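**Q** Residue 1103 is where the sequence shown ends in the working numbering, and the numbering goes up by one at each step.
Warning: the hint list may mix true and false statements.
Taking lysine-lysine and the DSS-like style, the derived pairs with C-alpha atoms no more than 30 Å apart in a straight line are [what the hints assert, rightly or not]:
1) LYS729 to LYS826
2) LYS683 to LYS782
3) LYS923 to LYS729
4) LYS732 to LYS940
Read the hints as simulated data drawn from the structure, not as lab findings.
Quantities reported herein were computed from a predicted structural model and do not represent experimental measurements.
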Amino acid sequence: MARYEYTRGTSNKFWEIEVSGNAYTVQYGRIGTVGQTTTKSFASEAVARKQAESAIRSKEAKGYVKVEEEALAFDRAEAEERLVLADRLQESGDPRGRLIALQHEIGQNTGKDRAALKKTEAALLVEHADALLGPFQTDAGRACSEVGWKLGYWEKLKIFASYHHQEQATEDLLREALGHPSAAQLEHLHLGIPGSVWSGMSNWQGGIDVLAEIGSESVRSLELSDQDDHAEISWCEIGSLAALWPKVPGLEKLVVRGVGIALGAIEAPKLRYLELYSGGLPAEPVRRISEARLPALEHLEILFGAADYGASATIDDCAGILEGRGLPALRWLGLKNAEMQGEIAAAVANAPILARLSVLDLSMGTLVDDQAEVLLAHADRFRHLEKLDLSDNYLSDAMVRRLRDALPCCTAHGQREPDAWNDEVYHYTSVAE
């Protein structure tokens, strides 16, 4: 049975599908539960397989990612090891042993049985709050965090400022959390809007420095961003990640949203996904990526933004990326939200990296009809793509039709109209302020 997962924001879902004869069965739900099961029958096995493939494409378009069998086998082995650990811990009187066993049981149940087990879990966490919850047992700790458990340990953790608990410094909360035994298996860390917002700043450097000081062998995913009302992207000063790389050696995914981003010399041999979401990206991070060797990187997404908000990268700064130097595994490339979107389109049309890509995203920028002609002139170089995204630019309906006729892989929805003022025409990136 093929398994797909969707883990974005607060969503944490799985979807599995298996064809058997003239029917397919789907199992779906929240990751960590058995979920629900439905079966659909068709006129023949061929039709069932065709419909299953269509259903898979629909899920992939929504952002579901296939989980390879090796990863599933690893998860099963991890669960078995964790249950063996639970037995040892319970024998020694450690409440974490009971929590591991209880959370495993919760994952195997639904309905009333699951609800009853969840009540037992809540009572156990209250009874042994110091050992299991640490800094998140206080009102301030709970208000400034979101915690996701996996078999007795924190798997996911988000720390952020709370208006009602301005006395809680987010850097202090992060420091306590990383030093707590429940963080020993932490995989996904999200540093949201920092406590400095209450003094008129939104600067992530303090949290980055704490993580760089303490480090984590287990963290695989790191996000520096927030969608809080106080987190207007041009207000979110990120800072430098230079000291961070050697302290999170297992990092596989990095998402950074803001301005004032500096990467330093990148050391990330396991990094598979990198997203820099900015309304004003400096040249430094683009140059660092161009210079880096990232053997595992499959997905690279860069939102450049506007010069008025700090964007300073040029097409020359992208040279290493376009040549594919140090990026042997790259298959998904987004060079988007750029005032130089036309230059990017012209450069990528002749870039060595293009032949390796499955998806090319040039959306959200200032691309106009004249600049898009280069894509038509080099259409043969783009036809292997599964998707060429030109959405949210400034293309005419006629140009969109020409592009779609020449390149079936092209999607170009949401084209915008330029602003005009005193006989001047203005084109803006989708994300700036």
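**Q** Each hint should be assessed against the structure and marked as holding or not.
**A** These are the hints, each one checked on the structure:
1. LYS729 to LYS826: 24 Å, holds
2. LYS683 to LYS782: 20 Å, holds
3. LYS923 to LYS729: 21 Å, holds
4. LYS732 to LYS940: Holds. LYS732 to LYS940 sits at ~25 Å (cutoff 30 Å).
Figure legend: structure checked against the earlier numbered hints; every hint is met.
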